[in-house]
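Can you make the complete structure from the sequences, with help from the hints?
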Amino acid sequence: MKKISTLLLLFVAAFGLQAQNVTINLANGDFVSYTADQISSIEFNAEEEVLFHEFTGWITVSSGYFSDVYYGDQAVVKVYRKGEGYTCRFYDNTWGIGRFDITLAKGQINGTGTVTMDNHHGGLSPYEATMSGPMTAISISIPGVMGGTTILWHHGAAPENYKTSGTWTGTNNVSVGGTYHYSAENVRQSVTANADGTVSLTVPSYSLSGTVMGDITLGSYTIADIPWNEEKGGFYKEYADGSLKVHFKAVKEGTTTLDSDYLFNDKATTTYILIKRTEAGVTIENNFSLGNMPFSITAVMDGTK
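Sequence positions in the sequence shown follow my numbering and run 1086 to 1390.
Treat the hints as calculated values from the structure; they're not laboratory data.
Note that the structure is predicted; figures quoted are calculated from it, not measured.
Any given hint could turn out to be false.
[Stated by the list, open to error] Okay, derived cross-link-like pairs now, DSBU-like style, lysine-lysine, Cα gap no bigger than 35 Å in a straight line: (1) Lys1248 / Lys1337; (2) Lys1361 / Lys1317; (3) Lys1361 / Lys1163.
Written out as structure tokens, the structure is:
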């Protein structure tokens, strides 16, 4: 038996019998068409989906290829009540639209459904998914996407360290001793949010050509547990602790003059990292000195995702 709402039933009763075909625009945007002899088989249905709760929150996503990546703070969760049951809708600009049949018990949500998202083949595809957890931190599991993908939705505003996290790309502008200036393009620095509210920064290996020391290459390194500094307006740490090293290589006129690991030190100047959010992304300011070098090096990058 086909079911329609009270309003649609009244429309059909009033006008449908006078026409050979009746086309009805449903509330969800779909269309249905009935002939006059089908109207008698339509069953009245008084149960309408009623919006029960609506929340906006932030999401992190993990998959077989990455872990705990922040994807913004505009994901919407809507819970609808229909008779004795509930449905839940999930909306996010990047991760698609989900619909789940759920149960609610003592603030816990559980259900099954689908998430429809970009299939990377020029269209949209639905993927089977499950939903579980407390209403303030809902986990959506999508086994068929990227080796198993989990979207964790958090109610409320995102912490500052998650807003700052991500892989940021830009031109690293390097000043040596405040006198010589060089740049490396398309440098990708990664900021990771930690559970204690700090961030960690991974600086990739990058090269600078034509310096006074020749062509130099700095290896990759990670500055861990950078805390928020209210006065600086960003995540700030003086990180020369006597243990962190970086590989430094210099080649001048075809001859390798330096090729070794060097400690970051604070003898010549303070070695610090400052990461600040901007309207377009982040600014990463890295001021350091290496080994017994008498000059400081400052690298500043305005990064975007």
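These are the hints, each one checked on the structure:
1. Lys1248 / Lys1337: Answer violated: lysine 1248 to lysine 1337 is near 42 Å, above 35 Å.
2. Lys1361 / Lys1317: Given pair lysine 1361, lysine 1317 holds - Cα atoms ~8 Å apart, limit 35 Å.
3. Lys1361 / Lys1163: holds, 33 Å
In summary, the one numbered hint that this structure violates is 1.
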